[in-house]
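Please put together the full structure from these sequences, using the hints given.
As you go down the protein sequences, you meet chains A and B in turn.
Under the working numbering, think of the first position of the first sequence as 1, with each following residue one higher.
Under the working numbering, think of the first position of the second sequence as 1, with each following residue one higher.
Heads up, some of the hints might be wrong.
[What the hints assert, rightly or not] Result set (DSS-like, lysine-lysine): computed pairs, CA atoms no more than 30 Å apart in a straight line:
1) B:K104 to B:K294
2) A:K25 to B:K147
3) B:K147 to B:K46
4) A:K147 to A:K17
5) A:K147 to B:K104
6) A:K104 to A:K46
7) A:K25 to A:K46
8) B:K17 to B:K147
9) A:K3 to A:K46
10) A:K3 to A:K294
11) A:K147 to B:K46
12) A:K104 to B:K147
13) A:K147 to B:K17
14) B:K25 to B:K104
15) A:K3 to A:K104
16) B:K46 to B:K17
17) B:K25 to A:K147
18) B:K294 to B:K46
19) A:K294 to A:K46
20) B:K294 to A:K147
21) A:K104 to B:K3
22) B:K147 to A:K46
23) A:K17 to B:K147
24) B:K104 to B:K17
25) B:K3 to B:K46
26) A:K3 to A:K17
27) A:K3 to A:K25
28) B:K3 to B:K294
29) A:K294 to A:K17
30) A:K17 to A:K104
Since the hints were derived computationally from the structure, they do not count as laboratory data.
Protein chains: 2
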Amino acid sequence: MSKLTDAMSEAAAQVEKTMDRLLPKPIDNHSVLFDAMRYSALGGGKRLRPFLVLESSRLFGVAESCALRAAAAVECVHCYSLVHDDLPAMDDDDLRRGRPTTHKRFDEATAILAGDALLTIAFEILSDPDTHADPQVRCNLIAALAKAAGGQGMVGGQMLDMLAENEEFDIGAVTRLQRLKTGELFAFSCMAGAILGRADEPSRHALQAYAHDMGLAFQIADDLLDVEGRPEDLGKAVRKDGGAGKATFVGILGVERAHAQAEMLVEQASQHLEPFGDRAEMLSSVARFVVHRKS
Amino acid sequence: MSKLTDAMSEAAAQVEKTMDRLLPKPIDNHSVLFDAMRYSALGGGKRLRPFLVLESSRLFGVAESCALRAAAAVECVHCYSLVHDDLPAMDDDDLRRGRPTTHKRFDEATAILAGDALLTIAFEILSDPDTHADPQVRCNLIAALAKAAGGQGMVGGQMLDMLAENEEFDIGAVTRLQRLKTGELFAFSCMAGAILGRADEPSRHALQAYAHDMGLAFQIADDLLDVEGRPEDLGKAVRKDGGAGKATFVGILGVERAHAQAEMLVEQASQHLEPFGDRAEMLSSVARFVVHRKS
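Spelled out as structure tokens, the structure:
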């Protein structure tokens, strides 16, 4: 798996460079907001979603400079969602990627605003001609990201997650919650390459099916890490979900069946990539990676 | 001025109908987020920014169905900013438009997420072909709204407003703060018509200059209302700014000079509209309206 981790590190470095270039730079002692945006978005994370954008773009011969901008946009959205989810009124987390969360490092107001600004800049990045010469392609990216991230996507999933603290969720409801909360942004990341590369319908369907199974496998693995992982590997607190009454796959399926389900989904995810042959090797590896990671 | 108020009421009703159609509808008892989005965005407000979109669109013969969508988008952004600004970590307000603020009616987590979702849907609305047939025009709208609303626009202004609580701001710094916090979104609202109508450069400049002066006049009037207004007219608490150590025009200029400054800006704003002749009558009236309003 070192070929994959090498490729992921290389991609993460490039995405970091792109984000560093695109995020506003602090200019004076009134630039706290820019500091907080950069603190929240730079210097950490596996950059899994950007990697999916880059690898799906590779399938369709998309120029790397375009793919990197779309990758930076989706990562801005992911980072904004972490900043808001960590707030005291939400999951109330002090630690993220081994560092104080944004509201701990700055304050709550600054964290709320930095999240807002990161979400907004994602759309600014996508609307720029440098992301793709064809404005129709840019509009398609924006529409897809807004749907994936908004009230009927990621934000809707986060809302369900809050509701699940006070309510019994069955396996169907948990699956829907997780599909919205993390699956939709994974799916966007995989579709971004297809949109940028104007891929045909069968290719889009294959990627969508892959993203669906991979996203679910990722979430099950995430739940398992909360139970089995070590905080020093994860850079955040563990065993919070059970205590908070969170609806998780592990809570419903138990540890053993959750492992089996994740393995099955990874297998299935890889099968969806068959039409792409060897070119999808990294996407196939990354699905295995998400369920076997230690952090 | 009844011609103006009639036109504003008519526009507000149409914008309300458009937003009602575009915002997701609650479907089950898990739809709290949609309830909160609708609570935050529907049923109130002067809809001043949408009115500017509609009136600037009229100057260039833009189809009303297109202008209404852009108007709804900018109002979603305005309403999201109110929801987040009212949060306990920010201005900590209990009352807005005479009703409990969103975090009071629901809870903080729901208010944060409803704001996030309203911001996101604004870009979804603009990216849709129904907003304009030409995707380049849609991208121009999205880029302009993201710039006006983001870290280098409205959100940046809100951040400065927070910093101003603990720091002396001079007239230059307050002007910059207000230009960012409210001026940029006013300017976008006026430019939206020009973008949708593919207006020429001189027209864009004229509208930009109008928006600049009108936005500043609006903010001075807002500061004056905080000092002179009645809570029962305003539907929110008054005389908060002084106590919170907020940087306001009235605090720096004093009441009398603030009134004079606002009048001068309104005069100036109207002069910028001269190239448009009678067609800009409403825009000219609305500048007078913003400084003479009681709420």
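Given the hint that K104 (chain B) pairs with K294 (chain B), does the C-alpha gap stay at or below 30 Å?
Holds. K104 (chain B) to K294 (chain B) sits at ~25 Å (cutoff 30 Å).
Measure nothing beyond the straight line between the CA atoms of K3 (chain A) and K25 (chain A); if it is 30 Å or shorter, mark the hint as holding.
34 Å, violated
Agreement of K17 (chain A) and K104 (chain A) with the hint, judged by alpha carbon distance not exceeding 30 Å:
Within the cut-off at roughly 25 Å; holds.
Restraint check for K147 (chain B) with K46 (chain B), where alpha carbons must lie at most 30 Å apart:
Holds, because 24 Å separates the two Cα atoms, which is no more than 30 Å.
Does K17 (chain A) pair with K147 (chain B) here, judged by a C-alpha cut-off of 30 Å?
Roughly 22 Å separates the two Cα atoms, so the pair holds.
Going straight from one Cα to the other, do K46 (chain B) and K17 (chain B) come out at no more than 30 Å?
14 Å, holds
Restraint status (C-alpha distance of K3 (chain A) to K46 (chain A) at most 30 Å):
15 Å, holds
Hint check: K104 (chain B) vs K17 (chain B), CA-CA at most 30 Å. Holds or violated?
25 Å, holds
Checking one constraint from the list: CA of K104 (chain A) to CA of K3 (chain B), max 30 Å. Satisfied?
52 Å, violated
Has the given pair, K294 (chain B) with K46 (chain B), been kept, meaning a C-alpha gap of at most 30 Å?
Satisfied, since the Cα-Cα distance of roughly 12 Å is no more than 30 Å.
Sort out whether K147 (chain A) lies within 30 Å of K294 (chain B), counting only the CA atoms.
Cα-Cα ~39 Å, so violated.
Take a quick look at whether K147 (chain A) and K17 (chain B) sit within 30 Å of each other, Cα to Cα.
The given pair, whose Cα atoms are some 22 Å apart, holds under the 30 Å limit.
When held up to the earlier numbered hints, the structure conflicts with 15, 20, 21 and 27 and fits the remainder.
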